[in-house]
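Enquirer: Sequences are here, hints too, so could you generate the full structure?
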Amino acid sequence: DAKTTQPNSMESNEEEPVHLPCNHSTISGTDYIHWYRQLPSQGPEYVIHGLTSNVNNRMASLAIAEDRKSSTLILHRATLRDAAVYYCIGGDSNYQLIWGAGTKLIIKP
Amino acid sequence: ETGVTQTPRHLVMGMTNKKSLKCEQHLGHNAMYWYKQSAKKPLELMFVYNFKEQTENNSVPSRFSPECPNSSHLFLHLHTLQPEDSALYLCASSHSSGQGYSPLHFGNGTRLTVT
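Protein chains in written order, with my numbering: chain A, 2 to 110; chain B, 70 to 184.
It is worth saying that the hints were derived from the structure and are not from the lab.
Check before you lean on any hint, since a few could be wrong.
Okay, derived cross-link-like pairs now, DSS-like style, lysine-lysine, Cα gap no bigger than 25 Å in a straight line [said to hold, decoys possible]:
| # | chain 1 | residue 1 | chain 2 | residue 2 |
| --- | --- | --- | --- | --- |
| 1 | A | K109 | A | K70 |
| 2 | B | K91 | B | K121 |
| 3 | A | K4 | A | K109 |
| 4 | B | K121 | B | K88 |
| 5 | A | K105 | B | K110 |
| 6 | A | K4 | A | K105 |
| 7 | A | K4 | B | K109 |
| 8 | A | K4 | B | K110 |
| 9 | A | K105 | B | K91 |
| 10 | B | K91 | B | K110 |
| 11 | B | K109 | A | K109 |
| 12 | B | K87 | B | K121 |
Expert: Structure, rendered in structure tokens:
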């Protein structure tokens, strides 16, 4: 059971980097670490995923600890449109993903 | 525009009504999913279809009946619902799990209220 732990909420200033932490100490060796976000009144949106190495895409970067017990989602320059609930999930297939409460990210202008 | 379209966006129904939720995707995906998102509860997977065949049913009550006529369309038929079934129902799609990991693409959901 790849349960994850995230802070309930975080605040950040606009145009500054944001580091969203996630602990997943029970993750198995084949479980990916997935990040999705959900903007108000919308369905969740895929952000990024990784297994062992750090990953970058146009939306964010994912830094994975060497022991894979934690990871950090990095938004390099937050905008007001990044205000959302961010979900960190472990699993090796979509139907095994166990969604938690996520972190509500508040961006201050 | 997410590529996954759900209709209607909002639905109010009585406990004796029968209604259906519709989901459509044109992303070329062959796996489709129904999720339930209740207030203050995590997202719950309800059903999974791969290549039109149901592969997961997470102990969902029989008053929810899914239908997948083809890889692009998914329905959730509702009958004799209870007030606690009021929630946001989300549809998602992806490439089949047999093709390596493929991210989920979600629609914006149907907000269901059972009175």
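Enquirer: Could you run down the list of hints and mark each one as holding or not?
Expert: Hints, one by one, checked against the model:
no., hint, verdict
1, A:K109 x A:K70, "violated, 30 Å"
2, B:K91 x B:K121, "holds, 15 Å"
3, A:K4 x A:K109, "violated, 30 Å"
4, B:K121 x B:K88, "holds, 21 Å"
5, A:K105 x B:K110, "holds, 14 Å"
6, A:K4 x A:K105, "holds, 18 Å"
7, A:K4 x B:K109, "holds, 18 Å"
8, A:K4 x B:K110, "holds, 15 Å"
9, A:K105 x B:K91, "violated, 29 Å"
10, B:K91 x B:K110, "holds, 23 Å"
11, B:K109 x A:K109, "holds, 24 Å"
12, B:K87 x B:K121, "holds, 23 Å"
Hint compliance for this structure: hints 1, 3 and 9 are broken, all remaining hints hold.
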